[in-house]
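Enquirer: Sequence:
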Amino acid sequence: MPLSALTKDKITKILDALTEFDPAKRIMPADALIQWEHLLNEFDQIEACHDDHQDSVKPPQLKQSLFTRSPAFFSLASCSEDTSDEAEQSEPAPPIWRRDSI
Numbered sequence: 001m002p003l004s005a006l007t008k009d010k011i012t013k014i015l016d017a018l019t020e021f022d023p024a025k026r027i028m029p030a031d032a033l034i035q036w037e038h039l040l041n042e043f044d045q046i047e048a049c050h051d052d053h054q055d056s057v058k059p060p061q062l063k064q065s066l067f068t069r070s071p072a073f074f075s076l077a078s079c080s081e082d083t084s085d086e087a088e089q090s091e092p093a094p095p096i097w098r099r100d101s102i
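According to UniProt numbering, the sequence shown is numbered sequentially starting from 1.
Below, a list of computed lysine to aspartate or glutamate pairs in the EDC-like style, where the Cα atoms sit at most 16 Å apart: (1) Lys10 / Asp44; (2) Lys8 / Asp44; (3) Lys13 / Asp31; (4) Lys13 / Glu37; (5) Lys8 / Glu47; (6) Lys10 / Glu42; (7) Lys10 / Asp31; (8) Lys8 / Glu37; (9) Lys10 / Glu37; (10) Lys8 / Glu42.
Here are the in silico distance ranges between beta carbons for each label pair: (11) Asp16 / Leu40: 15 to 21 Å; (12) Asp22 / Phe43: 26 to 32 Å; (13) Asp16 / Ala48: 25 to 31 Å; (14) Met28 / Leu6: 21 to 27 Å; (15) Cys49 / Pro23: 35 to 41 Å; (16) Leu33 / Asp9: 14 to 20 Å; (17) Lys13 / Glu47: 19 to 25 Å.
Bear in mind the hints are in silico, worked out from the structure with no lab data behind them.
A quick note: this is a predicted structure, and the numbers were derived from the prediction, not measured.
Glycine included, C-beta positions come from ideal geometry on N, C-alpha and C.
Please construct the entire structure, taking both the sequences and the accompanying hints into account.
Expert: Spelled out as structure tokens, the structure:
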């Protein structure tokens, strides 16, 4: 869930107050942490409400495919890429390292 403009503004204000150049205007790190904790609690509440709304809305049912999942599809990946006559005359290709061959 992306941050709202209000939440981004609150984060910016906390960080600006914490890094204020004038020591009289700068807030203490403990105060900044308390403000940050309040901000996180607000965000958690908003996110929980959003999740509750997501749970109440059921996704549409997908229709079953007429095609079956066949292992033949995956065996095509193991076929040789060099099937032309030119490939036989050229130098052999360097070995290709595969993750499952280690």
